[in-house]
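Enquirer: Sequence:
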Amino acid sequence: KSHRLLPTNLYVVLYNFKARHQDELDLKAGYKVTVIDTSDPDWWKGKCFGKVGFFPSKYVSKLSSGEKPLQ
1 KSHRLLPTNL YVVLYNFKAR HQDELDLKAG YKVTVIDTSD PDWWKGKCFG KVGFFPSKYV
61 SKLSSGEKPL Q
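Residues in the sequence shown are numbered consecutively from 1, following the UniProt record's numbering.
Derived by calculation from the structure, the hints in this document are not laboratory data. Watch out, some of these pointers could steer you wrong.
What the hints assert, rightly or not - Per label pair, the in silico range of CB-to-CB distance: (1) PRO41 x LYS18: 26 to 34 Å; (2) LYS28 x LYS62: 16 to 24 Å; (3) GLY50 x ASN16: 25 to 33 Å; (4) HIS21 x SER64: 14 to 22 Å; (5) LYS47 x ARG20: 12 to 20 Å; (6) SER64 x ARG20: 28 to 36 Å; (7) THR38 x TYR15: 17 to 25 Å; (8) GLN22 x SER64: 26 to 34 Å.
A virtual CB, placed ideally from N, CA and C, is assigned to each residue, including glycine.
Construct all of the structure, not just a fragment, from the sequences and the given hints.
Expert: Dropping the structure here:
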């Protein structure tokens with residue numbers, strides 16, 4: 001498994017976001033989020049470091065396939 005293809009639902013966090021409710025995700029700029037649900041245009045559901053929750057959709061940007069994720 002030397003070459004891993006990035007999942008198309010992988011996004012990079014642009015801004016820090018502090019969860020205000022139990023069902024929200026704490027995000028820091030530079031984190032990678034796997035987006036699970038985009039049915040609401042403003043609040044997406046995603047997974048980050050094993051936690052699942054909601055966050056503002058404007059706080060993330062789609063990873064282009066050429067970018068290498070920072071681990």
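Enquirer: Taking the hints in turn, state whether each one holds.
Expert: Hints, one by one, checked against the model:
For the hinted restraint 26 to 34 Å between PRO41 and LYS18, the CB-CB distance of approximately 21 Å leaves it violated. Between LYS28 and LYS62, the C-beta spacing of about 18 Å keeps the proposed range 16 to 24 Å intact. Checked against the given bound of 25 to 33 Å, the beta carbons of GLY50 and ASN16, roughly 19 Å apart, lie outside it. The hint said 14 to 22 Å for the Cβ distance between HIS21 and SER64, and at roughly 31 Å that hint is violated.
A hinted range of 12 to 20 Å holds for the C-beta pair LYS47 and ARG20, which are about 19 Å apart. Between SER64 and ARG20, the C-beta spacing of about 30 Å keeps the proposed range 28 to 36 Å intact. The hint said 17 to 25 Å for the Cβ distance between THR38 and TYR15, and at roughly 18 Å that hint holds. Here the CB-CB span from GLN22 to SER64 is close to 33 Å, well matched to the stated 26 to 34 Å.
Taken one by one, the earlier hints fail for this structure at numbers 1, 3, 4, listed in ascending order.
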